[in-house]
Amino acid sequence: MRVRCSRVVPILLAALWAAPLRLGAQQPVTITGRVTSDAGVPLGAVEVTIPAMGLGTLTRDDGRYAFVVPGARASGQTVTLVARRLGHKAQSAQITLAAGGVTHDFALAPNPLQLGEIVVTGAGTATATEKLGNVRNTVSAEQIDKSNESNIVEALAAKAPNVQVTGQSGDPGASSFIQIRGIRTIVGNNQPLFIVDGVPIDNSATSTSSFNPVDGGYPGEGTVVTNRAADLNPNDIESVEILKGAAAGAIYGARAGQGVVLITTKSGRAGATHFSLRSSASFDNVNHFWELQTLFGQGSFGVHADTSLGGSCDSPGAGICRRSWGPRIPTGATVYDHARELYTTGHVIENAITMSGGNDRTTFYLSGENLDNNGFFVGDNDRYNRTTVRFKGSHRPSEQLKISANLSYADTREHFIQRGNNVNGVQIPVMRTPPDFNNLPYLDPINHLHRSYRFQHPRATDLVGDRGFDNPFYDIFEQRNLGNVGRIFGNIGGEYLATSWLKFNYTLGADYSNDERLEGCPISSSDVCFSGRVIEGKIVSYQIDHNLTGTVNFTVSPRASGTVTLGQNLNSENHRNLFQVGRTLVAPTPFKLSNTVLRDPSLDNETVIHRESYFGQATLDLYEQVYLTASLRNDGFSNFGRLSRRAWFPKGSAAWTFTKAIGERPWLTFGKLRVAYGEAGTEPPPYVTTPTFFSGIFGGIAQGTGVTPTQNGLGGLLTGGQKPADVLKPERSKELEAGIDVGLFRDRADASLTYYSSITSDVILSTPLAPSTGYTNQYTNAAKFRNRGVEVSLNLRPLQKPEYGWEVGLQWARNRGYVLTLSGPQYIFFGDGVAQVGQEIGVHRSLGFIRCGISDTSLVAGLAAACNGAPQGALYVAASGFPVGDPNPRIVSNPNPRWTGSVRTALRYRKLQLSGLLDVRHGGVVANGSKGALWSYGTHKDTEIRATCTSATACTGNDKVFGQGAWYEGPVAGPGAGKAVPIGQNWYNGNLAPCAFTGYDEACLDQDGYVKLREISVTYTLDAPWVQSSLGLGSIDIRVSGRNLHTWTKFPGFDPETSGGGSTDAIQGSEYFGNPQSRSFVFSITLNR
Amino acid sequence: MIRSIKVVAVSLGLVLGAAGCGSFLTGEKLSSDPNQPSSATRDQLFVGMQANLFSSQENSVAMTVCMWMQQCAGVGGRFVDQFSHYVIDEFSWDGNWFNVYTGGGLIDLRKIEASARVDGDSVYLGVAKIWEAFDIGTAADWWGNIPYTDAVGSAATPTLDAQAAVFDSVQALLSQAILELGGPGGGPGPQDLVYGGNKAKWIAAANTLKARYYLHTVEGAANKAAVYGNAITAASSGIGSTAGDLKTFHTSATSERNIWYQFQLTTFGQDVVAGKFLVDLMKARRDTIRLAQYFGRNKGGGFGGQDMNVVQSSDSISAIKGGGRNVPDFPQPLVTYQENELILAEAYNQTGNDPLAMTHLNNARAVPGLPALVGVTGAALLDSIMTEKYVALFENVEVWNDYRRTCIPALVPYRTANGANPIWRDKIPGRLYYGGTEGNVNTNIPSPAQQVSSNGFRNPNDTADCP
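The listed protein sequences correspond, in order, to chains A and B.
In this text, residue positions in the first sequence follow the working numbering: the first is 2, and each later residue adds one.
In this text, residue positions in the second sequence follow the working numbering: the first is 20, and each later residue adds one.
In case anyone wonders, no lab produced these hints; they're calculated from the structure.
Be a bit skeptical, because a hint or two may be false.
Said to hold, decoys possible - Simulated coverage check for chain A against chain B, where a stretch passes if three residues somewhere in it have a Cβ under 8 Å from a Cβ of chain B:
{"id": "1", "region": "464–470"}
{"id": "2", "region": "628–640"}
Claimed, not checked - Distance ranges between label pairs, derived from CB positions:
{"id": "3", "chain 1": "B", "residue 1": "A483", "chain 2": "A", "residue 2": "R643", "range": "54 to 60 Å"}
{"id": "4", "chain 1": "A", "residue 1": "T949", "chain 2": "B", "residue 2": "G320", "range": "30 to 36 Å"}
{"id": "5", "chain 1": "B", "residue 1": "G239", "chain 2": "A", "residue 2": "S603", "range": "47 to 53 Å"}
{"id": "6", "chain 1": "B", "residue 1": "K446", "chain 2": "A", "residue 2": "R646", "range": "56 to 62 Å"}
{"id": "7", "chain 1": "A", "residue 1": "G924", "chain 2": "B", "residue 2": "A175", "range": "37 to 43 Å"}
As the list claims (entries may be wrong) - Here are the simulated EDC-like pairs of lysine to aspartate or glutamate, each with C-alpha atoms no more than 20 Å apart in a straight line:
{"id": "8", "chain 1": "B", "residue 1": "K218", "chain 2": "B", "residue 2": "E132"}
{"id": "9", "chain 1": "A", "residue 1": "K1051", "chain 2": "A", "residue 2": "D381"}
{"id": "10", "chain 1": "B", "residue 1": "K446", "chain 2": "B", "residue 2": "D187"}
{"id": "11", "chain 1": "A", "residue 1": "K593", "chain 2": "A", "residue 2": "E517"}
{"id": "12", "chain 1": "B", "residue 1": "K48", "chain 2": "A", "residue 2": "D463"}
{"id": "13", "chain 1": "A", "residue 1": "K980", "chain 2": "A", "residue 2": "D960"}
{"id": "14", "chain 1": "B", "residue 1": "K318", "chain 2": "A", "residue 2": "D463"}
{"id": "15", "chain 1": "B", "residue 1": "K48", "chain 2": "A", "residue 2": "D605"}
{"id": "16", "chain 1": "A", "residue 1": "K267", "chain 2": "A", "residue 2": "E242"}
{"id": "17", "chain 1": "B", "residue 1": "K48", "chain 2": "A", "residue 2": "E607"}
{"id": "18", "chain 1": "B", "residue 1": "K218", "chain 2": "B", "residue 2": "D138"}
{"id": "19", "chain 1": "A", "residue 1": "K724", "chain 2": "B", "residue 2": "E238"}
{"id": "20", "chain 1": "A", "residue 1": "K912", "chain 2": "A", "residue 2": "D39"}
{"id": "21", "chain 1": "A", "residue 1": "K912", "chain 2": "A", "residue 2": "D748"}
{"id": "22", "chain 1": "A", "residue 1": "K90", "chain 2": "A", "residue 2": "D748"}
{"id": "23", "chain 1": "B", "residue 1": "K340", "chain 2": "A", "residue 2": "D463"}
{"id": "24", "chain 1": "A", "residue 1": "K539", "chain 2": "A", "residue 2": "E517"}
{"id": "25", "chain 1": "A", "residue 1": "K267", "chain 2": "A", "residue 2": "E48"}
{"id": "26", "chain 1": "A", "residue 1": "K539", "chain 2": "A", "residue 2": "E607"}
{"id": "27", "chain 1": "A", "residue 1": "K267", "chain 2": "A", "residue 2": "E496"}
{"id": "28", "chain 1": "A", "residue 1": "K724", "chain 2": "B", "residue 2": "D113"}
None of these values were measured; they are calculated from a predicted model.
Backbone N, C-alpha and C define an ideal beta-carbon position, used for all residues, glycine too.
Excised from the complex, chain A in its bound form (with noise of 0.2 Å):
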């Protein structure tokens, strides 16, 4: 029975194929046959087309393919059958079309330099691997697929050199940064264009508030929301290609100075239809922790706070209950392990159907998703839900006409975690709390109201009130942040060969989403939230992306030919956010609006754009090994200044196959010498050109305060702090990259080399005026910056047979970005980073330590001479034994990397193979401002060592030398050189050390570079006969991989791949109480048929 039924559905589909052609005389065709590797392995997802007819199919993991081809259309004739797949050689046959059926098999050659794959090049452009002038960071479905991430930008880490990638920390659905060869603009956010299939997509991530969206807070807080990108299903992607810097993205015109990333989704191929079901299960959890100390409890100067019932821990502002520096715990007295108690495993499931084939005429791709994600905070609230489907497909009504579809619906909701800076927020509560204070229950046990540390024993007419710090399981459990979001995208097209040197593409995409919020804050919460907040807000996009384009191909002799491409762009870009603030609210829930008693001035922001662009590029080929491109692109944006509407953007680039004038050589099989030039833009933001006037609030202390400029009914207006622009130009990047890339050893190895330098000028600034002229900023094109850098890649292929194979890759990046002039300000800050003439972008600019040969001698009495025959940068250190604090801010510290680099590493064995990837990000030097803060608090573990203070000034024990044993090394000068002065709450709750209240972040600065077990994977494909005939599958394959496992860095705390700020921040690399990165295990199943 079974071995019936897995025959019948095959004849059964050919029956169908066959059914309505059978009027015809002849007899259909089948063809089968096997694809595997020169090395006798065999090839799964093998195209085998006969391109004539439009007719084909993919082979299975067995490397087998069958299809047919209708008697109508099969006369005996012979025809060219192709066999191609993604790394490898493509190799044809002519078969000939006889009745019975043909079978062949190939057997494929690797090609690791994918030459002669057609590699898409942006707006409607393609081109050949070998004939691309810019070096190509292509990333694999394969590669996407192990990694094992759900947001599509975090797949792309570690996969090609230069290509930074950072994630915001491993909460559920937590937003990924990219940036390409390094900082290049401090407009927006330094992100690169995403492309899909032609057509700009939104990958804006806008952060929840920390519950203050008006009235102040921080920017860049609240939450790691999503970038709007993982709103794609990554099992739909076929490839991504990353156009790195100007040279290769100046098609893109004023939107490509960042780089831009090119996806393509997968599309149906005629033949049998291909059904695959993939189903995973992921586990994660923390990988790095914070460590605190556990062995002095609450209090201040080694007086233990009161903590009974009506003691002084029932008044939020009591300063004694606010650290940990108490006196030591009892022995036997319970601790409590705050580093680690938020936390579980957290779990992914996963399924992804797809679905896809085709005929002659009509293809089709289906697939659906749906991926739940439950993070690892204890608790059902930190969630990240996505829902998506796609359908895309094409059909020809005529030899020359293709139109095609492609739409995908995403429904993803949203459920955050507040970090950051930010007292409702949970990491500032947890990490803060004393050892000795259990934060469970978190609610009173008799008056079952909101507990925490600094507020014990709530009475029962506490309802409303300010706990000082929330509970983080209060927040945990009680807040919530949801984003809901529906988006819909996609595109519709047109292919037209209008004569068969004449093409037509055209693609209308359309891109919207509507993203609801909901922030609510239960009553009784610390802070702007202690009688309770909710936030209702709505975030629309959407973006409508005309394109076409005609492609000429010519050939003037065999040994020139190319192709001349003219193309329009239109593109209309519209969002809006829409918030209310409502304070106080009337019953505990729910979080409505409708509850609550006082609402706060709304939120109401729109931006449109409108681009209209025009390109041309022109290829030329000669005598088959030099490969000549030019393109120009004229862009007007609304968003550009007035009087500079429109810009001009140019690109060339050659490429030379040198060993196909040179011959090739045994060690030598492959030889191409590439550079390019080409320039590209950044656009200005909206509305910098026009004279605003201000009616938000302002003038507050701190968040959650501030007034508006209307008052008492009256309207009020101010003048806006930004002046308009007179001018504005789209920034200009001017990139010149070349290259070599090599095939060595009869293709066992490949090599890739390229340098760039880029310099961009015209950069657009938000720069700061002197306020006395009643303006605090103005966009201007301020500043060059220049970008150079190197990039190699080496990939191995040491023994490839039949049975096994072993592969290596190394990729190693270096960039240096440098401000060559700034006009105007002395530095302008951008993140948590300034540009400063001389200095690398992103440098961090602080207070630091009076140091000889740095600081002013006229600071201080005596310093001119107390430096006398010091090192330069010697640290002085006064009387008293202590540093003391420069007022001059400075360069304390670079947080750019020195070099990044991966290894890749692939084994297999018969049907096992096991990989790894290596992921090393080296130097960068971040202010810790969460070390600072709790050394402050006496929790870090640094603390457990102390002085006994009995106060400020009477300290004992613990004593250490400035300068000297690990304390902050270095020579140093001045009258208490040398002296040993105890190191207790005077020191880490002092002037001085606790960088995040006191400025001076030369006291809290570490290292922050790692090496990272990004992923590991182990994949068994059972394809025994078995397989299809009692299941009537081509394959199963099943995997087991792991993600992070492991970090070696010297960075203290959570895992130094986050950011304190959110991925809208320029400048990663700052810390200060965000979330925590996870590690996780991955089993996956995938069914094919």
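Assemble chain B onto chain A, guided by the hints.
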């Protein structure tokens, strides 16, 4: 081929047709910001300007001065506490520097004045000039030499005017304003959140302000008696009763509440508590009514404050929250009858007329219901006057100006836990750092280190250190 040509023609038509839409890049929501108004009336700017100057008198600087003058104290180790410990930098009050010049500050005052001139509304012009004098005079108090003649004009990096010249300009502005208030025009009327357009009250307030700013020049004056004489002349026409007090305006509406009140609702606000020096002083003076207005009760039901140098039991400390003044619509007194009387008292005392000085001191003491003093003269009387002013002007930045001139009351500066911080020379900071944004752009601004080491971080009008 003919078909191909047709196709080409149609396609070209599509391209060119779309390109013909010249308005695609301009128009509504494209050419101008749809989110903010692009014009404002004089009345709208006047209302906004008041909200700005109210908040800048109530926010960060006021909080800092309250702590430095030990009326308040900082606890908790966070930035508020750090301010109280003189851990400050050029960005500590950057926002207050903005308030002086940018939207709601000098730029809008100039627009209001220009519009009033065009309309011939002399009263409106006069009121605006008083606000300008108050705005710019306050800035000179906080930062000493400041951009004024060059400010809000075409200069990208305005030069600094000497503090004395700014005070001269303030006097001139106030004199002009007093004249203009007698001129034609309807004035701001109900847009005036302080006096509702009452001209007499504005004239009185302008005179008290004149007296205040005379005193700010007295310490370094060659002829102190003349300056005191000017102050007496002005104050004699100054605010004559508490009904004439110049106070901020607030309601209980979310974005119209007193900033001190709003701040006390936040977690950072709880880091500002009662200062032990002021609480102990008021207790010794049996100033009980005001004590309960200024501060909440401590855990024991009484009043206590935090000492800058000696850690106090937190159970003994009073919060500001809970004090009678800490309500959302409390109008913060900026220039008052009490100040006017105490200016007169000081000026008479300093010019040898202790009986009149005593009269005016007792006028001020009568406001909170304190008994009249008798028989105090000379330096002791000055101490009584300045001490009364120190208590009466709680949360008002003028307390700091008085301290810097008179060194009354005798405050012990905060001493860093790790020994004396050599930067501060064991003194209370005598000015604010210029705003970091100004320093970043304006090359006329000395570096923070130069500010620290010049005149001992004091303004030019503060010629002598306090002990």
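Taking the hints in turn, this is what the structure says about them:
For the region 464–470 of chain A, the assignment as covered by chain B holds, since 3 residues bring a beta-carbon within under 8 Å of that chain's beta-carbons and 3 suffice. With 3 residues carrying a beta carbon less than 8 Å from a beta carbon of chain B, the region 628–640 of chain A meets the three-residue requirement, and the given coverage holds. In this structure, B:A483 and A:R643 meet the distance hint of 54 to 60 Å, their C-beta atoms being roughly 57 Å apart. At about 34 Å, the beta-carbon gap between A:T949 and B:G320 stays in the expected band of 30 to 36 Å.
In this structure, B:G239 and A:S603 meet the distance hint of 47 to 53 Å, their C-beta atoms being roughly 52 Å apart. Distance hint for B:K446 and A:R646: a CB-CB separation of about 58 Å, consistent with the stated range 56 to 62 Å. At about 38 Å, the CB distance of A:G924 to B:A175 agrees with the hint of 37 to 43 Å. Distance restraint check for B:K218 and B:E132: the Cα-Cα separation of roughly 17 Å lies within the 20 Å cut-off, and the hinted pair is therefore satisfied.
Distance check on the hinted pair: A:K1051 and A:D381 sit about 33 Å apart at the alpha-carbon level, beyond 20 Å; violated. Between B:K446 and B:D187 the CA atoms are separated by roughly 29 Å; this puts the pair beyond 20 Å, and the hint is violated. Our distance criterion of 20 Å between C-alpha atoms is met by A:K593 and A:E517, whose separation comes to about 13 Å. Our distance criterion of 20 Å between C-alpha atoms is broken by B:K48 and A:D463, whose separation comes to about 49 Å.
For the hint linking A:K980 to A:D960, the alpha-carbon distance of about 9 Å falls within 20 Å, and the restraint holds. For the given pair, B:K318 sits about 16 Å from A:D463 by alpha-carbon distance, which is consistent with the 20 Å threshold. Proposed proximity of B:K48 and A:D605 is supported: the alpha carbons are some 14 Å apart, at most 20 Å. Between A:K267 and A:E242, the direct Cα distance comes to roughly 14 Å. Compliance with the 20 Å bound is thereby established for this hinted pair.
With a CA separation close to 8 Å, the supplied pair B:K48 and A:E607 stays within the 20 Å bound. With a C-alpha separation of about 18 Å, the suggested pair B:K218 and B:D138 falls inside the 20 Å cut-off, and the hint holds. Restraint check for A:K724 and B:E238: the C-alpha separation of about 40 Å exceeds 20 Å, so the hint is violated. Note on A:K912 and A:D39: the hinted pairing holds, with a Cα-Cα distance of about 17 Å set against a maximum of 20 Å.
At roughly 23 Å between alpha-carbon atoms, A:K912 and A:D748 are farther apart than 20 Å, so this suggested pair is violated. As the CA atoms of A:K90 and A:D748 are separated by approximately 11 Å, the hinted pair is consistent with the 20 Å bound. Proximity of B:K340 to A:D463 is assessed by CA-CA distance (about 16 Å); at most 20 Å being required, the pair is judged to hold. Of the pairs offered as hints, the one joining A:K539 and A:E517 holds, with about 5 Å between alpha carbons and a cut-off of 20 Å not exceeded.
Restraint check for A:K267 and A:E48: satisfied, since their Cα atoms lie roughly 13 Å apart, inside the 20 Å limit. Of the pairs offered as hints, the one joining A:K539 and A:E607 holds, with about 11 Å between alpha carbons and a cut-off of 20 Å not exceeded. The straight-line distance between the Cα atoms of A:K267 and A:E496 is roughly 18 Å, inside the 20 Å bound, and the hint therefore holds. Distance restraint check for A:K724 and B:D113: the Cα-Cα separation of roughly 18 Å lies within the 20 Å cut-off, and the hinted pair is therefore satisfied.
In the structure shown, a violation is registered for the earlier hints numbered 9, 10, 12, 19, 21, in ascending order.
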